[in-house]
Amino acid sequence: MRHAVAPAQNVENNSIAVTDLFKICNHCERLSKKDLGVRIPRPLGNGPSRFIPEKEILQVSKVDSRTQSIFEDAFAALGRLDNISLVMGFHPQYLESFLRTQHYLLQMDGPLPLHYRHYIGIMAAARHQCSYLVNLHVNDFLQVGGDAKWLNGLGEAPQKLQQLGELNKILAHRPWLITKEHMEALLKAEEHSWSLAELIHAVVLLTHYHSLASFTFGCGITPEIHCDGGHTFRPPSLSQYCVCDIANGNGHANQHDDQLCDQDMCGEVEVLMERMKQLQECRDDEEASQEEMATRFEREKTESMLVVTSEDEECVPSRDISRHFEDPSYGYKDFSRRGEHVPTFRAQDYSWEDHGYSLVNRLYPDVGQMLDEKFQMAYNLTYNTMATHKDVDTSMLRRAIWNYIHCMFGIRYDDYDYGEINQLLDRSFKIYIKTMVCSPEKTTKRMYESFWRQFQHSEKVHVNLLLMEARMQAELLYALRAITRYMT
Amino acid sequence: MEKMSRVTTALSSNTISGKTMFCHLDAPANAISVCRDASQVVVAGRNIFKIYTIEEEQFVEKLNLRVGRKPSLNFSCADVMWHQMEENLLATAATNGAVVTWNLGKPSRNKQDQLFTEHKRTVNKVCFHPTEVYMLLSGSQDGLMKCFDLRKKESVSTFSGQSESVRDVQFSMKDFTFAASFENGNVQLWDIRRPDRYERMFTAHTGPVFCCDWHPDDRGWLATGGRDKMVKVWDMTTNRAKEIYCVQTIASVARVKWRPEKRFHLATCSMMVDHNIYVWDIRRPFIPFATFEEHKDVTTGIVWRHQHDPDFLLSGSKDSTLYQHMFKDATRPVDKANPEGLCFGLMGDLAFAAKESLINSDTNRKPYAGGDRRNPLFFFKKTDPTEQFAHVSSALTIYETDFDSNHMDWFVSTAQRYLLSGKPFAELCDHNAKVARELKRPQVSTTWTMLRIMFSDPANLPAAGLNHSLSKLGSLPLMNSFSLKDSGLGTESRLERSKGDNRQDNIHLEAGNSHISNNNEENEETEGSDGPAECMFGDAELDDDDLYSMDHENQAEEQEYTLPQEGFQLRHEIVDNPSAPEHFQQDKADSPHVSGNEAEVPCLTPIESFSLISISQPLFTHHLPASFFCPIVREMLSYYAEQGDVQMAVSVLIVLGEKIRKEIDDLTQEHWYMSYIDMLQRFELWNVSNEVIKLSTCSAITCLNQTSTTLHINCSNCKRPMSSKGWMCDRCHQCASICAVCHHVVKGLFVWCQGCSHGGHLEHIMNWLKSSAHCPAGCGHLCEYT
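Chains Z and R supply the protein sequences, listed in that same order.
Every letter in the first sequence is one number past the one before it in the UniProt record's numbering, and letter 324, counting from 1, is 324.
Every letter in the second sequence is one number past the one before it in the UniProt record's numbering, and letter 177, counting from 1, is 177.
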């Protein structure tokens, strides 16, 4: 019954600051303190997401045959069907591509040993204090024969993995600072050095899990039953959740909100569509000067820095997760405070399609192809609908979201008018994007609900997929560019 | 105006001369283009847009087109093209989607002429029509191609590829067609007069097609290069575009340009990682015809300086340099490549390929006793006078080994019959010794026996036998033996010997000995070579004797097979009744005649050394620790391996296991294992090879068993491939593999009859077929299980 004690301690430094759940958390805390040690595990989670009501999410038994077979495959490969897959089940085409890539990265032939892969996943997820992913991979890590001692902290892991900590840190929060010197330090470290192929594998894993952490928080993924229920062996202190978080995420509170906002935000979708239409039409007429375009990008970039990410500023990462990485205070937030300038990265000079792909595929065959398909899938996915409207060309909106995220990382497309972003993405949406991409652990249910209120949950998940892939590509581009520079 | 006048007057000389030279640019270049008379080159990039004149010795900056304090994005060029008819006209493609034309004849500093901002995304390519002065074509990321008439303010027609981003557009030389290559791997052919739909489309590459180029002679040949690292040449004159040549490069192909005046040559540069420029002869796609290796970062633009001069290539690069390459200065990888090929066949045949001239000129070639077959192959049917490859035809010679002398049967049966695990150490050794003996390989057999003696329990050591040998031999004076020995082996070994270091001595003996025997006999199966190895086991120094007796066999070749045979029978007794020395003794007793015959070196000495050792033997205790022998065994193994008998080395390695493993470094072990496994697999001894892999302790070897373990099967119901699970079909949702005996799903080993394709659990089928001859499914087929 080790797990029974642990949650009680953890409630105090619970990193998920869900304000509207806070009272209940306190309540829980009191309760649990009273019953210390004798708490009986309750039925966990009403569905895979705290943000999305369970009834909205596809039932495994009721999905169409395609999704069904994807779920079956996932189950066959992993022996489980995790909540992430269930939520992604809204978009089966994407899910298929996602699972194939993830399976290849973790299970198939590759330069890194299996337990390294999971450990890197843990490191990356821990950077964002994503206990969901950490728990998941702690189990996997032990299952493939990883040394449980490593889980006590990065200090216990081999030197080689420790060296990756720095890259992990920068990549997660300020990827534009990565230089070829960082790569050199990893590649030329005597007996602890990484080979190029290993490094590429590690980089892909790191970026995959950074962005997956964004998705996890962005969609409020609830912990797996076996992770929190303690049915499997794992260091008990890793369980991060107060049960009430999970139990309360769904159900009545939600419906209440929906009704409110329906009246409130009537016509939001229409306004957005109108704007898109306008942009489409008048783009040819009013030609902004080049300087204007440049300033628009800079403005958007700077503004994105200043978007306040969270109401709760004083969130310190809990000790349990933070032991997987060093320097827990290092984050995107510090950076924007100091008002440093993000250097501009020209997408035309180093693009995924031309350069990144070639490099990855050269050093880690097939993965370039899979990532390429996944990026394209995420970028091009559309059902031509917006909320209740049908036959809408959403490409403009998708491009705005994608480019806005890249803009936050300083990646600029010469052929994009960044003025469009301001037209299409409202403030609450920007806050959500910003939070999810830069400090996902601060995403709250309120944020999730406050943007695009009339849109369906599946569309919000779609947005999350876009965010996740755009972020992954941005990080990858910086890392790969550094590797390319090292190689030349 | 001044500049302009110079620009126009510069087109004077028709003869082009120059040397390999370069100049530094201020910024990385994205593309370059030359004017028609080859006197000037324009370099365009994100932060650079300049014209250089090409002079005899250097590049001279002529004009900076990037003007203004804060240049707009229109100057940020992805591509540039110089009009081939109008000297003053340039066009650029900007990363922000603008297509700009520049008129060098303008008096102002800003030469910008027209600006088309019709594309929504980055324009990747601009192209002037080669003969129509005012026609300009552009291809953009937004998937559109636009044709502009420079006399008008906007495009005259728009071509929608209906697929992805356009990466390259190229006008055909003569007519009105143009080719467009796309990011999704397609190439489309359009008629410029018909913007409604393309004439033809085909998929050229997997992944983006970065570039295409029409052959300068109007032959309908189109070269394409893609991210899939391929350059393909298509014949467009037929109904279907036909791939006629394909060159595999080592990195994604960014640009491709046909070499002027050379029908089969084209130049490529890559998008990533590889900085060189290659010139290929497409008929010889495996090695570049010439390489330019000057650039330090990826080459982004290549262009032949003059459209009728094949010797000058200009290139711009991300490393901010502009180069002129002289063809005569190019590296020719062919020259460095080894033009001879040599390969051993499984049975010891030797194939040798070399350029024909070399073979013909080789008058010293002796006819070989065995079947000698020459088999010349010609890579090219006819030598083209324009060919510049050094040698175009090679001759392949195959030397077959003598049929009876070099059978590999022993290898196969040894591999099959050796026991490597599953029994106590001593039994394994004995068994293997027996196998070797039956195959008439006495040394190997002795080796096994010695190994058993050395590494078995000391209690089992045949101490009695040793004594026996001593007594039998009588005693030769120690000193005597020394002196005799010296005469044979020279001072060095004498020194060793006088130190009384017996083992060292043995090794020396071995070295000298094998040397001699090799000289004496070219025979591959030199039995003498095994002798030294045995001598290393010399715990009981009798080995020396054995060794030399072997040598004798060699020298007297007739006896080669008879002698060891004799030895074997004796040895067999040894095994039962540990009296190894005795046998040696006898052996020795037989050999004197040999030693007498061959008064040379090796035969005399052994006798002496034998006696010496047998006397010195009491110096050692009988119970030496096994580790004592490790160095000797190590050398023995290396010796076998070097002799080519890697089978022995690996077998001993496996049987001895922990006893010897630490003595030999991992890389060597791995090397041995790999060689042996390779041999086994070439002999199709899959089971043995698998056993060896399984028993090996090198991680690099054991993991061989874990690669490529996927077995692809089709569903028995719908005949489609089953992708995810072996027992359940995705499509027809039926359990595909049901055991015909127990009617349950088979999830592990599934065995089926190749006649009626029914089957099931391995065990069930085995049992069934024991009692019945018919198929368990009741189909009436007479199944067979072997």
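Hints in this document: simulated from the structure, not taken from any laboratory.
A portion of the hints provided could be inaccurate.
Straight-line Cα separation of at most 20 Å, SDA-like style, residue types lysine to any residue; simulated pairs [to be verified]: (1) R:Lys747 with Z:Glu72; (2) R:Lys174 with R:Gln307; (3) R:Lys296 with Z:Arg485; (4) Z:Lys180 with R:Lys174; (5) R:Lys318 with Z:Thr344; (6) Z:Lys149 with Z:Leu161; (7) R:Lys318 with R:Gln307; (8) Z:Lys277 with Z:Lys149; (9) R:Lys328 with R:Asp311; (10) R:Lys120 with Z:Gln348.
These numbers come from a predicted model, not from an experiment.
Structure-based check of each hint:
{"no.": "1", "hint": "R:Lys747 with Z:Glu72", "in the structure": "17 Å, holds"}
{"no.": "2", "hint": "R:Lys174 with R:Gln307", "in the structure": "15 Å, holds"}
{"no.": "3", "hint": "R:Lys296 with Z:Arg485", "in the structure": "11 Å, holds"}
{"no.": "4", "hint": "Z:Lys180 with R:Lys174", "in the structure": "48 Å, violated"}
{"no.": "5", "hint": "R:Lys318 with Z:Thr344", "in the structure": "18 Å, holds"}
{"no.": "6", "hint": "Z:Lys149 with Z:Leu161", "in the structure": "14 Å, holds"}
{"no.": "7", "hint": "R:Lys318 with R:Gln307", "in the structure": "25 Å, violated"}
{"no.": "8", "hint": "Z:Lys277 with Z:Lys149", "in the structure": "58 Å, violated"}
{"no.": "9", "hint": "R:Lys328 with R:Asp311", "in the structure": "7 Å, holds"}
{"no.": "10", "hint": "R:Lys120 with Z:Gln348", "in the structure": "15 Å, holds"}
When the structure is compared with the earlier hints, violations turn up for hints 4, 7 and 8 and for no others.
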